[in-house]
Amino acid sequence: MNRILSACGLAAGVLLSCAAAQAAELNIYTYRQPELVKPVFDAFTAATGVKINTIFAAAGLEERIRTEGAASPADILLVEDVGRLQNAVDLGIAQPIASPVLEKAIPANLRDPAGQWFALSQRARVVYASKARTKIDAIAYEDLADPKWKGKICIRSGQHPYNVALIAAAIAHMGEEKTLEWLKGVKANLAKKPSGGDRDVAKDIAAGVCDIGVGNTYYMGGLINEKDPAKRAWGEAVQVVLPSFKGGGVNMNITGAIVAKNAPNKAEAVKFLEFMVGPEAQRLFADANYEYPVLAGVPVNPTVAGFGALKPDTVGLGDVARRRKTASELVDVAGFDN
Amino acid sequence: MSRVADIAAGWRAGRDRAVSPGERALVSAALAAAALVALPVVALALLATGGASALSSIYLTVVLPRAALDTLLLLAGVGAMTASVGVGAAWLASAFLFPGRALLSALLAAPLAIPTYIAAYIWVELLEPLGPVQRAIRAVFGFATPADYWFPPIRSLPGAILVFSLVLFPYVYLTARAVFMLQSASLLEVARTLGRGPAAIFWRVGLPLARPAVAAGMSLALLETLNDIGASEYLGVRTLTVTVMQTWLSRNSLPGAALIACAMLLIVGAVLIGERRMRRDRRFAVSVQKPRLAEPIRLSGARAWLVTGLCALPVLVAFVIPVGFLAYEAAQAVAARGLDPAFARQAMTTVTLAAVATLVVVALGAALVLAQRVAPSRATLAALRLSTLGYAVPGTVLAVGLLAPMTGLDRMISQTLAALAGAAPALWITGSGLGLVAAYAIRFLAISVGALESAASRFSPHLDFAARTLGRGPIALAREIHLPLLHPALGAAALLVFIDCLKELPATLILRPLNFDTLATALYEHATRGSFETGAPQALAIVLAGMIPVLTLARRNVVELDPDELARER
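Taken in sequence, the protein lines are chains A and B. Position 24, counted from 1, in the first sequence is what the numbering used here calls 24; the numbers after and before it change by one each time, with no gaps. Position 225, counted from 1, in the second sequence is what the numbering used here calls 563; the numbers after and before it change by one each time, with no gaps.
Rather than coming from a laboratory, the hints here were simulated on the basis of the structure. Certain hints may be false.
Unchecked claim - When the alpha-carbon atoms are kept at most 20 Å apart in a straight line, the in silico SDA-like pairs for lysine to any residue are as follows:
id, chain 1, residue 1, chain 2, residue 2
1, A, K231, B, R867
2, A, K231, B, L393
3, A, K38, B, L852
4, A, K152, B, G676
5, A, K38, B, G676
6, A, K231, B, S869
7, A, K192, B, L464
8, A, K192, B, L852
9, A, K192, B, G676
10, A, K325, B, S391
11, A, K325, B, L468
12, A, K184, B, I396
13, A, K152, B, S391
14, A, K261, B, L852
Since we're looking at a predicted model, the values are computed, not measured.
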């Protein structure tokens with residue numbers, strides 16, 4: 001009987017340990033993997049003494065915050081794509097934050113005019129090219145549809161948020177019709193069905209399955225500095241080319257955050273955001289994650305600097321977020337993922 | 339079952355009997371279990387209203403038909419492959435004696451311990467251009483690059499069929515083997531006397547008799563294929579379930595996603611009901627007298643080793659190779675980075691959660707089955723059928739469906755506590771592991787109900803009549819006769835539910851409390867960053883923990899193993 005009781009106690013301990021949130025804590029719902037943000041979280045806790053609790057998921061956190069309503073423990077939602085960030089705002093789960101620190105640190109194009117979302121770091125969606133089989137100095141996104149690449153391109157699913165954002169930017173530049181043509185052209189050039197992730201693109205290029213591909217900058221930063229020699233070899237086989245839209249620049253996307261409407265620890269949440277755009281956290285984002293800082297004056301990591309001088313696209317993030325649904329539809333019309 | 343129900347119902351109608359409190363409690367528990375499953379389904383249906391406008395015409399004319407076709411092809415492929423491998427292995431392992439039979443019979447069930455998303459990762463690693471297989475091909479034949487030769491891409495529909503079938507065929511193997519092992523000797527002897535060889539006996543006698551069991555095993559394998567997201571997406575196959583996710587995430591249309599999910603659920607429900615109707619008029623019951631069991635045929639020489647080889651092949655391909663690779667990756671990961679300091683806590687959380695959920699699921703399953711047996715009514719029958727729907731809902735969709743009712747309940751509890759004790763508002767269900775227990779119960783109730791229902795259907799109605807004649811009420815009948823008889827089935831149900839709880843990922847991700855990591859969620863964090871190998875220790879732990887119940891189940895004494903007990907047919 002005692003054993004049964006202690007088993008029940010144990011089970012209750014494990015299952016109920018998190019029932020109530022404590023003060024001087026910050027609850028973060030995140031789509032960014034904890035391992036990527038852990039160094040910055042730890043630095044925040046060390047600097048402020050505020051303990052951070054997290055839930056990581058790949059989907060559904062906005063719905064969760066919305067249905068939890070007034071009782072929601074969520075203070076911050078950390079999102080890895082501007083479209084999803086805007087969607088969170090549209091769902092009404094964010095609250096406007098007026099903070100001179102944030103407004104000073106983050107350029108106006110990297111935050112919501114109404115203060116409902118803020119970018120914390122940036123990345124570029126670029127072309128990975130085989131060092132052995134290609135020689136590219138410059139390339140436009142439009143060129144990916146050039147028949148000379150027939151059977152030579154690898155890319156992840158067109159419906160992935162990163163690609164949807166890229167295609168949304170393309171719509172802003174070329175209009176729907178031309179973007180559809182472009183998508184069909186890229187589709188015709190694919191070496192294999194869209195699948196896997198950006199790291200797989202680098203791997204496939206290293207393996208000789210394709211010559212060029214599309215991926216985010218920080219994956220390449222990670223691969224080039226990878227400790228495991230087998231994986232470092234993928235990074236070393238690939239040259240990063242910063243492409244641009246004709247008449248524009250490199251497609252950028254952000255990791256950003258909202259403060260939840262019913263945040264129980266709003267003061268800590270704002271403090272957290274302010275810390276995230278401070279020099280220390282921005283350096284961590286740049287060096288540990290190979291992302292582009294949002295705070296002016298913080299240098300990018302040398303590996304990332306080696307990709308070349310960044311000329312961000314002229315299309316604004318809000319524009320990208322707005323065209324996301326259309327972009328997703330074009331992917332289907334083009335049969336991109338088939 | 340239905341005949342028992344008819345008789346019992348008539349009996350009740352004839353006598354205006356007072357309903358005892360125990361009986362009322364049992365029936366209430368059964369109805370509560372069904373209500374629990376109905377919660378997310380109703381919530382989904384509510385979400386889906388207005389979903390139609392979110393689905394553009396391109397969606398209805400191009401995307402959905404294509405996804406439906408791919409889904410059908412995937413299901414057809416997985417169905418054919420699990421059935422042929424599962425039935426073939428089951429027949430060989432039960433009809434013949436050959437070297438290594440005991441070990442192989444158990445190990446043939448082992449692939450069930452590998453979650454589909456882990457299997458997908460392993461097979462991609464093994465078979466992609468930089469993997470060991472293609473490297474060896476290039477080394478042997480002197481090819482310079484993968485462009486110089488053709489190799490079937492693993493990230494494809496056929497690749498997905500292979501990956502799913504390799505981990506799901508044990509469902510069919512277990513159910514079919516249980517039937518083959520209980521085969522009545524006289525049937526086989528008649529066939530043999532009539533001059534049929536072993537092959538003809540298999541096709542003309544063994545297989546037809548095992549049909550319900552094979553169908554039950556296949557339906558589990560197919561439902562699991564249908565509700566999968568992780569593996570399908572990783573392998574580049576756009577099933578309806580993957581489409582539901584994309585509708586929701588890329589189109590910002592939860593109503594649209596809910597609508598597709600509801601449509602899928604209707605189809606699944608129709609298929610399940612259809613399958614049940616088809617079987618209604620046939621009886622596959624073993625005879626009332628215990629039949630003389632068929633003795634396996636002793637093989638010798640080359641034929642014996644051939645059968646050993648045939649049974650070893652699926653074990654090798656579906657289990658030894660992938661788990662060996664996983665063990666290697668786990669060792670590499672630990673050597674490079676050490677074991678994740680949170681590992682012990684993750685393992686503890688996983689096992690505790692799975693154990694608690696298993697207890698709940700088996701108890702609710704027993705309540706549903708016993709209520710229908712001793713106090714049958716339309717309500718209990720409806721509850722029984724409804725309870726199995728949860729397994730057909732993709733985990734992520736189920737989780738989203740559960741959010742609204744659970745947080746609603748949370749609000750009620752919170753308000754009550756505030757009024758009574760002035761407690762601060764808190765999320766007692768979603769903020770704790772209780773929400774997860776409920777989600778697991780809804781997802782896996784089908785498994786325990788299926789196992790217990792088919793076991794109970796084999797108890798002779800005479801037992802019930804005898805007990806009632808001796809003055810036992812319905813509750814005493816359930817407690818003194820049915821529960822002891824159900825004992826082995828309860829164990830089998832618990833083992834299967836436990837494995838599924840260990841493996842559960844999508845609902846856990848969305849519904850878990852803050853700082854709450856299971857082995858599967860920890861693995862998933864690494865996987866979504868493209869470094870699955872970092873999570874290999876967690877993946878291996880899930881597989882090893884799942885193997886204990888799988889092997890226990892496979893080795894269980896044939897005599898106590900009722901054929902349909904594993905069949906979990908619905």
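* Can you name, in rising order, the numbers of the hints this structure does not satisfy? -> 2, 4, 8, 9, 11, 13
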